[in-house]
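Asker: The lines below spell out each chain.
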Amino acid sequence: MASEFDNIKGLAGWRAKLDDLLADARKEAQKDDLDARLTMADRLTEFIVRNPPALPEDPASAEYDEMDRIAHECHDALLLGAIQQRVAAIMSRTSELAAIRKKFDNETTANQQSAASIRLEKARKVVDSATSAVSALIDLKKELDKAIDAGAADADMKQLAKQVGTVIEKLQDVRTSVEGIR
Amino acid sequence: MTLGLGALIGQRIVAGWLAAAVSLLAGCATLPDVKPFTDATVSLRSAVASGGAATVAELGRVDNPAVKTEADKLAKAWEERDKLFAALIAYASSLQAIVDSGSAGAESAKALADAVTKLASVANIVQPGAGPAVDVASQTAVFVYEQIAKIRAAASLEAALTEAQPAIERIAQAMSKDMKALDDLVRLASKAQTDAIRIENQARLNYRASLTQSREVLMKRMGNALDQNQKPTQLADAGDLKRTDELLQATDAWYQPIDAQLKEIATREKVARQLIAETQVALQDWAVAHGQVLSAVRTRRPPSVAELSDAAQRIRDLVQKYRNL
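In order, the protein sequences belong to chains A and B.
Mapping to our numbering: the first sequence position 150 is 150, numbers consecutive.
Mapping to our numbering: the second sequence position 45 is 45, numbers consecutive.
In short, the hints are calculated from the structure, not lab data.
The reader is advised that the hints may include incorrect statements.
As the list claims (entries may be wrong) - With the Cβ distance kept under 8 Å, some of the chain B side facing chain A (calculated, not the full set):
hint	residue
1	Pro36
2	Leu88
3	Val144
4	Lys177
5	Lys191
No residue lacks a Cβ here, since even glycine has one placed at the ideal position from N, Cα and C.
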């Protein structure tokens, strides 16, 4: 397959070719066309592969090496520039995505609360807490009654026993009202 | 408190009417299946993570410190994408939780009734004779709440989906741009790796290229000679062609490993780009599916999620394929 490097002759020919390539590379670097940039990188690589190999006895070798170095640097700069642009574009969207994530964290919490509310979890917790409180109140009332029966209770303790008894009676009223609502 | 027979019958009638009225309303509340959306979100997280990791790995394979620095920056930026999709999975699960709660209204009501009964029992406030009346009331309450839970769940779901839809669309948009950038990065990294191999082996590849070029010239000349009715054995270039073929064959020993390396890079590039392309398509499908679930809640029709399930499966296959490379 014919290529643009097939008919280049001598050091001057390769030097001129490199000048052309560098001029084209400068133009491509101004654009944001990835296909064109990859093609340019390919041409620069092909230049390095196709120019004459370094030979110890050839005085032109040093110049070929220097041309390879320049082509290589240009090749790497073209690719690196494109890589940096894309990584920078991704990084520029990161803070927006982080803000959206926080919004979803809040949404999730709200949804979980809705689900819990539909499952009547809060009502169940209130009733469970009330059950524990009532158990404790009944135990307290028993202890207070024992103390009163033994004649060991002062006026404050008797008053407290009366109040606890009233609370338990009120609970019964609440139950009656709830049954009425049903 | 003891209820008389009349009161009991009256309570049953009231409960029946109430149940019928709520049941009519509940007929309007249909809860859509959000599981395919949740599954697709899980698949997307895996695909987005794999696409990012594949790109970071390809950049990391480029023998250039500046490119490795970019790989590190990309890895750091991609951590936020992973966190975002973890949050989206939690969000999708919370939608599922609303649907499940709506479907489990009877269980919730029974659990609450049990808790109330326990409270009454602890407080010793259920009077003899009240048992059947309380039981009927509880059964009615359970039935009524079963319907109410569906209505509440449908309303909560619609509110949640409506609130999230613009953000879902924005994510799909931004991530689509990210996917395009990843695709470019994979191409650039693969090109850099391929070129590095070619430059490293420039002298040998130049030699092989010149042999190939000579062979092409000889073949062309021989073709022309054959057209002029010369016999193949009489062709002057036949010997040169044989020698060139032998020399080309001799290069295979070092050329084949280089070729294998180049093919390996090409295969990785192909699969990574397929994965990224599929993820890009799936992101759009995913955002559309979220909208379809919302529409399903509003129109009380089941969402169309077959395409989304197909996309999720394709992505799972590609992630596996890339991991196996």
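Asker: If a hint holds in the structure, say so; if it doesn't, say that too.
Answerer: A quick look at each hint next to the structure:
Annotation: proline 36(B) was flagged as interfacial toward chain A, and the flag is violated, the nearest CB pair being 18 Å apart, outside 8 Å. Interface restraint check: leucine 88(B) against chain A, minimum CB-CB distance 6 Å, threshold 8 Å, status holds. The beta carbon of valine 144(B) is not positioned within 8 Å of any beta carbon in chain A (closest approach about 10 Å), and the interface hint is therefore violated. Here the hint on lysine 177(B) is kept, as its CB sits about 7 Å from the closest CB of chain A, short of 8 Å.
Below 8 Å, beta-carbon pairs count as interface contacts, and lysine 191(B) has one with chain A at about 5 Å; its hint therefore holds.
Hint compliance for this structure: hints 1, 3 are broken, all remaining hints hold.
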